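Numbering (my numbering), first residue to last: 423 to 768.
Keep in mind that a hint or two might mislead.
[Claimed, not checked] No more than 27 angstroms apart at the CA atoms, straight line, and that leaves these computed lysine-lysine pairs for BS3-like:
1) K451 / K560
2) K523 / K471
3) K451 / K428
4) K523 / K428
5) K451 / K471
6) K523 / K463
Source of the hints: derived by calculation from the structure; they are not laboratory data.
On a predicted model such as this, the values are computed, not experimentally measured, just so you know.
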Amino acid sequence: MNDSIKIRLAIIATGGRAGLVRWLIQNRKDIAITAVYDPDKERAAQALKDWEVTDAVIFDSYEAAIQRDDVDWVMIFSPNAFHKEHVLCAFAAGKHVFCEKPLATEIDDCQEIFEAHQASGLTFATGFVLRYAPLYRKVKAGRPWVIVVTSDHGEMLGDHGFFRKCQPYEGSAHIPMMISASSELGFVVGGQADQVVCLEDLMPTLLEVAGAAIPAYLDGVSLVPILRGEAQATREWLHMEHAPTYSQAQAYHALTDGRFKYIWRTLDGSEQLFDLDRDPGEELDLAQNSSFDAMLETWRERLIQRLAGRPEGFVQSGTLVPDRPYQHLNNCTVQSNQETNPRRQE
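Model the full structure from these sequences, guided by the hints.
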């Protein structure tokens with residue numbers, strides 16, 4: 423083998439994201455592929471041909487490829503469900519690991535991988551692109567930084583008979599929000615909060631971190647007090663809304679405090695009320711139980727207060743009015759919710 427080679431790789435699975443190996447071979451002359459495993463040997467052979475690698479050995483098992491003496495690093499591109507067993511095998515063999523994202527499909531598996539890595543003393547990298555981007559490294563090295571991981575919606579996946587999004591139920595509406603920052607910003611490391619938050623909170627949060635003024639008309643609130651451990655809550659409840667898109671029936675308004683969720687369908691005025699702690703699947707509608715009439719009325723009044731003054735006329739004479747058409751922004755006046763939104767009142 424060429425004396426200039428310093429890093430010897432075993433490639434586990436050659437489909438999909440393994441295509442980046444071509445870039446490695448072309449741009450890093452100190453890297454060599456010595457072992458390959460793929461359950462489809464023909465695909466493995468074709469990959470080596472595409473990469474112009476002639477001296478790597480294709481193995482019948484991933485264990486045999488990983489345990490080779492002439493392997494320093496193991497690069498794992500296998501289907502997500504197999505990541506854990508491949509990573510753990512590599513650590514047990516004393517090999518450094520690069521694993522394509524996601525790390526695993528279950529939190530417990532991620533924890534097991536983390537603990538194995540901590541015990542190994544080896545180097546471990548995951549395929550999150552920005553982690554290795556030059557600009558990301560430059561920003562992280564010299565200035566305070568904030569990273570937000572979130573999503574604009576979830577996926578119903580058949581819950582309540584729906585697919586896609588556009589629903590107030592947890593499958594569509596409950597999304598992750600993870601925020602990390604450099605130490606000088608004072609955020610609690612490893613903290614968790616059960617407070618209900620929304621995408622509208624990102625702008626005021628980042629503005630406060632940057633030292634900029636937060637406009638009063640924003641619907642969102644800054645999460646900085648929670649992130650710094652100075653407060654447990656920023657709002658009493660959260661308002662969610664969806665206008666008609668694929669059908670008129672998709673329009674709704676909903677309120678939640680994280681424990682209970684109230685839903686009002688804009689088209690027909692139907693209501694639902696769920697206890698998310700006892701009924702996370704939202705299968706027991708408390709709005710149909712007269713024992714919860716007082717609670718239902720409390721949530722209804724909150725929505726009336728929230729929607730009062732809206733140009734669509736959702737509230738008339740102190741009552742929710744269904745089947746009101748949405749107006750385009752160029753046909754109505756956009757007003758601040760500072761006075762009508764109770765979560766902004768001191």
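Hint-by-hint comparison with the structure:
no.: 1; hint: K451 / K560; in the structure: holds, 25 angstroms
no.: 2; hint: K523 / K471; in the structure: holds, 25 angstroms
no.: 3; hint: K451 / K428; in the structure: holds, 9 angstroms
no.: 4; hint: K523 / K428; in the structure: holds, 25 angstroms
no.: 5; hint: K451 / K471; in the structure: holds, 18 angstroms
no.: 6; hint: K523 / K463; in the structure: holds, 23 angstroms
No hint from the list above goes unmet by this structure.
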